[in-house]
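K.L.:
Chain residues, written in single-letter form:
Protein chains: 2
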Amino acid sequence: MEIRYPNGKVFKPTKNESKLKNYQYGNRGMTLEEDLNESNEYYLANKIAVIHKKPTPIQIVKVDYPQRSKAVIKEAYFKTPSTTDYNGVYKGKYIDFEAKETKSKTSIPLQNFHHHQIEHIRQVIACNGISFVIIRFSTTEEVFLLEGRFLLQFWERMENGGRKSIAKDELVQYGHQIPLGIHPRIDYLKVIDQIYD
Amino acid sequence: MEIRYPNGKVFKPTKNESKLKNYQYGNRGMTLEEDLNESNEYYLANKIAVIHKKPTPIQIVKVDYPQRSKAVIKEAYFKTPSTTDYNGVYKGKYIDFEAKETKSKTSIPLQNFHHHQIEHIRQVIACNGISFVIIRFSTTEEVFLLEGRFLLQFWERMENGGRKSIAKDELVQYGHQIPLGIHPRIDYLKVIDQIYD
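Protein sequence lines correspond, in order, to chains A and B.
Under our numbering, the first residue of the first sequence carries the number 1, and numbering increases by one thereafter.
Under our numbering, the first residue of the second sequence carries the number 1, and numbering increases by one thereafter.
It is worth saying that the hints were derived from the structure and are not from the lab.
Everything hinted at is true.
Copies of one chain are not kept apart here, so a pair can be met inside one copy or by any two copies together.
Derived DMTMM-like pairs (lysine to aspartate or glutamate); straight-line CA-CA distance at most 20 angstroms:
{"id": "1", "residue 1": "K47", "residue 2": "E119"}
{"id": "2", "residue 1": "K190", "residue 2": "E142"}
{"id": "3", "residue 1": "K53", "residue 2": "D85"}
{"id": "4", "residue 1": "K91", "residue 2": "E119"}
Please model the entire structure based on the sequences and the hints provided.
P.N.:
If you want it as C-alpha cells, here you go:
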C-alpha cells in the first residue's frame, strides 16, 4: 500500500522506519499472546494449571545507578530464544509450547520456528514432557494445536528437501482445532485432555 | 573493613559506588548459579532432564534502531520475578525450584524469597508439580534441598510471628543434603528420586 503525505508526495520509509515497521510486524502475534496470557491467568486463578510465558532473553551490556533511583539498563540486546516461549505444570505433567500466528490463509511457514526451538522440542519429548505448538491463522482466527512430534516430522520433511511450510490441510489432519471461548479464550488444555486421557 | 588510598586517606564510597557494591553482593549466588547451570547442561546432554534458568524479567522502555545494526535497548528496568528461577521436565514430571546462597553459617533468612515466589510455589504444589529450593551455605559449601511444602511451613511460621529464617538444623532435619560431585556438580535429581520413588 502506498502512503502519501498531505501534499500528495509518496512517503518512503527510511531504513530506521522500515526496521520499526518490521519490529511491529514481528509483534503481529500480540493478539494470540494476549489471548494465551488471558487463558493462562484463567487456569492459574482456577488452580487448573500454572503456565507462564518466559521473559524475553536479553543480553545486558551496561547498567547505570542514578542517584536515589534503582538500576537503569542503558545498553542491552535481544537474544535469540533457545527454548519455547511457554511452559508450566498441568496435573503434575510438564507442559511446553510455542505460539505462532500467520497471515497466510493456507499454511504456516516453518521459518517461524528457530532451529534451537526445534532442538528444545526434541529434548522435551525425549524426557516425556507434553510438547506442542499453537498456531493461529489471523485472517480467519482459526487456532490449531499440533503436537511437537508432528512438528518434528514436518521439520524433517523440509530438511530432506520437502516443502518449507505446514499446509493448513495438514494441520486439520494431524492437529486439533481449538474451539474459542470467553473464559478461557483458548482452552488448549481441553485438547491436551483429549490427546492424553 | 576500612579501605585506604595510597596516601593513607580513608576511602568512602559514593552513593553510586555503594549501590554497585550492593549489586555485586546481590550476585553472590553466582557460583551456585554456575554449578546449577553446569548440572543442568549435564542433565540435558545425557537426556536425563530439560531444566533451564528463566531469563531475568526486564521492563523495556526505549529501543533504538541504529543504521545497519540490530535493535539496541537504551532504557530498561529489572522487574521483580513473579516465579521461581528454574523449571523444566524430568521423567515427564514438572520440576520447579529456586536457588539461594547465604553467607550465614547457621540459617537462611526468609527475606531471600519474594512473596510472589512463595505464592508461585503454592500454586505449583496445588497442580502436583515437584517444587523445592536449593540452598547453599557459601562458607562451608554445603548444599541442601528443601521441598516447597516445608518452605511454605517455615514461611507461615514467620507470618505467625515466628523466626524470620530457617535454621540450618531445620534444613538438616526437614531437607536433604546434596552430595557435591564433578559431573554433575550438584546432582539434585538424585535427591528427587529418593523423595518420589
